[in-house]
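K.L.:
Chains B and C: place on chain A using the hints.
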Amino acid sequence: MKLLIPEKPVGIIGYGAYIPRYRIPASEISRIWHGESEGTPIKEKSVPGLDEDTITMSIEAARNALNRAQIDPKELRAVWIGSESHPYAVKPSGTVVAEAIGASESISAADFEFACKAGTEAVIAGMGFVGSGMGDYVLAVGMDTAQGRPGDVLEYTAAAGGAAVIIGPASEALAVIDAAYSFVTDTPDFWRRQTQKYPEHGQRFTGDPAYFHHLENSIETFFTETGTSAKDYRFAVFHQPNAKFPQKLGKEFGFTKEQFQTGLLSPMIGNTYSGAVLLGLSAILDIAEPGDKIFAAAFGSGAGSDAFSFTVTERIKSCRNLAPSTQAYIQRRTEIDYAVYARHRGKYIMN
Amino acid sequence: MEAPRHWRLKKQRYSLTGEVCPHCSAKIFPPRDVCPECGQEAKTAFQFSGKGEVFSYTAITDAPAGYQDQAPYAIALVKLNEGPIVTAQLTDLGTEPVRIGMPVEMVTRRIKDDGNERGVILYGYKFRPVMQG
Amino acid sequence: MLPVGEHWDLSLRTLGARAVRKALADSGNLQPDAIYIGNGLANILSHQANLGALISDEAGFPGIESCTFEAAGASGAAAFRAACMAVQSGLVDIAIALGVEKITECDGSTAQAAQDLILNYEFEGTNGLTVSAGAAIIAQRYLSEYHLDRSVFQNIALQSYQHAQGNPYAMYRNGITEAIYQKQPMKNHPLGLFDVSSLADGAAALVVTREELIPEESRDDMIRVLGSANAIAPLSLHDRHQLLQYRAASQSAASALRKAGLSLSNMDLLEIWDAHAIDVVLAMEAIGLAIEGEGWQTDMTTLSSMGGCLGRGNPLGASSAYQLVETVLQMRGEAGACQIGNLPKTAFVQSLGGLGSTAITHILGH
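Residue numbers (the working numbering), protein chains in the order written: chain A, 1 to 351; chain B, 1 to 133; chain C, 1 to 366.
Please keep in mind that the hints were generated in silico from the structure rather than gathered at the bench. No experiment lies behind these values; they were computed from the predicted model shown. Hints are all accurate, no fakes.
Pairs of lysine-lysine, DSBU-like flavour, derived with a Cα cap of 35 angstroms:
#, chain 1, residue 1, chain 2, residue 2
1, A, K8, A, K251
2, A, K317, B, K79
3, A, K43, A, K347
4, A, K317, B, K11
5, C, K22, C, K345
6, B, K79, C, K183
7, A, K197, A, K91
8, A, K251, A, K43
9, A, K91, B, K27
10, B, K27, B, K43
11, A, K91, B, K51
12, B, K11, A, K91
13, B, K51, A, K74
14, B, K10, A, K91
15, B, K11, B, K79
16, A, K347, B, K10
17, B, K43, A, K74
18, A, K317, A, K231
19, A, K257, A, K43
20, A, K91, B, K43
21, A, K197, A, K244
22, B, K79, A, K74
23, A, K197, B, K10
24, B, K51, A, K317
25, A, K248, A, K43
26, A, K74, B, K27
27, B, K11, A, K74
28, A, K231, A, K8
29, A, K197, B, K11
30, B, K11, A, K347
31, A, K74, B, K10
Same shape as in the complex, but just chain A (with noise of 0.2 angstroms):
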């Protein structure tokens, strides 16, 4: 038996997303460097505000993840936080965000990294932690605001946002997991050494080998081992480094552009890293009917692939209202150009 499924069956009993509210074009990021004629891979992308990281943009996802949720945030027995771009080195993001929401003192607390899938690998843990009683509740967070090297491909789409989810017991779920499955292998197709500012990436290596080759793996898998395939589920969401790979994988696997669509977020945000897959959701949960069923795959570099199925409940009805909706937040906006970008970055030096 390959997939992840614990013994007492578990589900997401509160979700919430969080972007902030900066876009730069990627046109105008193709001007700085470019000229004005090349083409880019997503229309703009989501900038951090001046006094935003990774911790506040958890918190604000977290907090929206409890409303609807409607626990008390002592009762949480886990705070994780998945992310590539933690603000300290050493010292947990997540004690942080569980003082911010009030949680308890008796919790377990940490940060998980795994490139682009940190979220969803805290959503794993934590359905193992629900599943085998060892609590009722646990918060999983994927959040990034990551960074891309001035000039590099990968300034374009280096985004900031993510998603909150707190894992509970199926029965009080608005979205049972059905299922998980996870695999991973050593590729380096792109890190980011300690100390480092930017990341290095294989460039084209990041396609076949990586990308491609571990989503594949895991869908294929998940889908042997579920005996379902594309058709069995409303909506899917990929990992979205752009707007081209996630598309090209869901019509591999006979996904339609209406099931994908909904949480293909990544050409008006640009791709939010760890924080990708969980806002797609978001977005999907946004809108899901109970009895929809869901299909995410996530993707981190270095490299693995997570992949669910869930179905949603009654509970989202009543619930998904309690906090402002993905697109809610996609919608507020406030446009910057490449100077302002910059200074938002922390890309002048001023010493």
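P.N.:
Below, chains B and C without anything else, positioned relative to chain A:
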């Protein structure tokens, strides 16, 4: 390095945790030993909703040391729905002009770096226009 | 009293000691038993505490009593009140009250940060508030509540800069025109550059003693302290029940007048705190010289007759000592070009520390 001080005040700063006076029910922020309304002892924790409105404001363009990397910024007295007034920065204003009476909500943001990207990062409350949807 | 300005060549101790010696010379060379020092920022800007020993020894008086009083802008007045209490109690015969501030020892942003410490550091300063921004927040609320615009501050500023023109100790002696005022850059909206006083170096001192100890020939120059009072209000703006009421100012004024057995209508000269134009407006209303919402309309001719903090410059902890010295000069008829028409027989001097959080009032008479 002011880590002990910020650590001591973290509940206030991160989430607007104040007090409610057990004698006269006044809501108090920041927490203090003596209720400013009735003069009796107060120490029951109270979680503020974070909703309020701008009571008055100004803009700071010449920010003090430690705050220059976020300048210019707006700073306001915010009257919380529960009664007390707090001093806080306004953030994420977009194009909306600040006005007295503007509804705002609390968010937790970076207040400042305690020393050139080497020290502790100070997080605390700011307010932004109430988000719709 | 030394000129207010940028004394690059004088350190804190020299500034203070020179003011002490000038005051003593003016007194007919009395020998002091105590020097009480009002200072706000030496601990930070001069990296110097223990000013009593530093300055009194520098002035040539090792062995006497001396220590520092701190009440932000009202520090000098606090030292003066201490001198009055010491002398009146009989514990001290001759006391000197010195206000001294050395601002230009550090760069501007350090001086600014030091001044901001007069706010509540934990809940105002830490959230990025500055002193002038705090004043602007009060001013903004004032304009909103009374449906006014920022032009109400114009007369206050113009008057202060005009008065300073005749004051050889003032920092800004060129005056400003309406046109210049109206083109001023904003400091913190709605307060412009000319609505906010500039910090500068300065030192001023007064000799306090009992009448019988004054040599016969000097008694004509003597000015009596008829009343003295200090009151505080909540430090933080957010802790005040009424943001637009300077409660400390009204309590300290009423208390000092009561002790003097006089009323406001008896006062020939008024020295009101004007670190920010809004301070004048709210102090006028608090003291009872104007009704609420109209503090900006008052006739200013007998106010801040030598330029106040705006025109003279604001050596923070020394400013209130300047107010007292300037008032003494007016009452003696020694104010030169600043001399007001009829020699004032009684005067009301009020100094504020912080944004109206401390108020010290003195009533002086012949």
